[in-house]
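Following the hints, put chain B in place on chain A, whose structure we already have.
Here the protein sequences line up with chains A and B, keeping their order. So the number in my numbering is just where the residue sits in the first sequence, counting from 1, plus 13. So the number in my numbering is just where the residue sits in the second sequence, counting from 1, plus 6.
Hints in this document: simulated from the structure, not taken from any laboratory. As the structure is a prediction and not an experimental result, all values here were calculated from the model. All C-beta atoms, glycine included, are put in the ideal place defined by N, C-alpha and C. Treat the hints with caution; some may be incorrect.
Facing chain B, from chain A, some residues (calculated, C-beta under 8 Å) [said to hold, decoys possible]:
| no. | residue |
| --- | --- |
| 1 | Ser52 |
| 2 | Met59 |
| 3 | Asn64 |
| 4 | Ile69 |
| 5 | Thr72 |
| 6 | Asn88 |
| 7 | Ser99 |
| 8 | Phe103 |
| 9 | Asp120 |
Derived pair list, reagent style DSSO-like, types lysine-lysine, alpha-carbon separation capped at 30 Å [said to hold, decoys possible]:
| no. | chain 1 | residue 1 | chain 2 | residue 2 |
| --- | --- | --- | --- | --- |
| 10 | A | Lys80 | B | Lys107 |
| 11 | A | Lys32 | B | Lys62 |
| 12 | A | Lys49 | B | Lys74 |
| 13 | A | Lys53 | B | Lys107 |
| 14 | A | Lys54 | B | Lys62 |
| 15 | A | Lys22 | B | Lys11 |
| 16 | B | Lys74 | A | Lys84 |
| 17 | A | Lys35 | B | Lys74 |
| 18 | A | Lys57 | B | Lys60 |
Residue strings, one per chain:
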Amino acid sequence: DTAVSQTPKYLVTQMGNDKSIKCEQNLGHDTMYWYKQDSKKFLKIMFSYNNKELIINETVPNRFSPKSPDKAHLNLHINSLELGDSAVYFCASSQVFTAGQPQHFGDGTRLSIL
Amino acid sequence: DQQVKQNSPSLSVQEGRISILNCDYTNSMFDYFLWYKKYPAEGPTFLISISSIKDKNEDGRFTVFLNKSAKHLSLHIVPSQPGDSAVYFCAASAEGGATNKLIFGTGTLLAVQP
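Chain A on its own, in the form it takes in the complex (with noise of 0.2 Å):
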């Protein structure tokens, strides 16, 4: 039974297009997460909601936005793909937002841009 489950897996797209990522955590936890894992194995955060409510938006193109609509979910839509938006994005959860909690990690989405 996944704890963190992102969909799709894979996602290869063209240049130019518009596409969603979706994650869902069924450990009742209050705090979701989106990383970037860059072609350096870079981990590095981008968005946090606490209770649907956004409370960390790193410096992220305005491409990029994060949609919770409840707490057990929170998906990921890029407008207008470019090339060097090609990386593993993994979406986490945490019980809440204190820090030193850990967060539990979803499995990825490796996002190909052509």
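Just chain B now, kept in the frame of chain A:
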């Protein structure tokens, strides 16, 4: 500016011996440090954490040591097992501001040889 650094990209250890993975950080405001393990095509899995008020935390075969004055932490795995072969990420977070924002190192690939 990378605030969390793992200077060894890879480490090879014999089964049964001790594995020592190192991590350095620059931000003295970090209060919590976490270690994650990652297998290929999977998300990072939380292993063990330590608060800045402690200098050691142990969980089974895994022990994390923190040296605040040197801004250095290490993860010891003993005895090492072939199933421990994975990429290990060090991460840090600070109380206050955007709480539970994890800053990750670039990872160390551990290979445990049978």
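Each hint, compared with the structure:
{"no.": "1", "hint": "Ser52", "verdict": "12 Å, violated"}
{"no.": "2", "hint": "Met59", "verdict": "11 Å, violated"}
{"no.": "3", "hint": "Asn64", "verdict": "14 Å, violated"}
{"no.": "4", "hint": "Ile69", "verdict": "5 Å, holds"}
{"no.": "5", "hint": "Thr72", "verdict": "12 Å, violated"}
{"no.": "6", "hint": "Asn88", "verdict": "17 Å, violated"}
{"no.": "7", "hint": "Ser99", "verdict": "16 Å, violated"}
{"no.": "8", "hint": "Phe103", "verdict": "6 Å, holds"}
{"no.": "9", "hint": "Asp120", "verdict": "5 Å, holds"}
{"no.": "10", "hint": "A:Lys80 <-> B:Lys107", "verdict": "18 Å, holds"}
{"no.": "11", "hint": "A:Lys32 <-> B:Lys62", "verdict": "44 Å, violated"}
{"no.": "12", "hint": "A:Lys49 <-> B:Lys74", "verdict": "29 Å, holds"}
{"no.": "13", "hint": "A:Lys53 <-> B:Lys107", "verdict": "20 Å, holds"}
{"no.": "14", "hint": "A:Lys54 <-> B:Lys62", "verdict": "28 Å, holds"}
{"no.": "15", "hint": "A:Lys22 <-> B:Lys11", "verdict": "29 Å, holds"}
{"no.": "16", "hint": "B:Lys74 <-> A:Lys84", "verdict": "36 Å, violated"}
{"no.": "17", "hint": "A:Lys35 <-> B:Lys74", "verdict": "39 Å, violated"}
{"no.": "18", "hint": "A:Lys57 <-> B:Lys60", "verdict": "26 Å, holds"}
In summary, the numbered hints that this structure violates are 1, 2, 3, 5, 6, 7, 11, 16 and 17.
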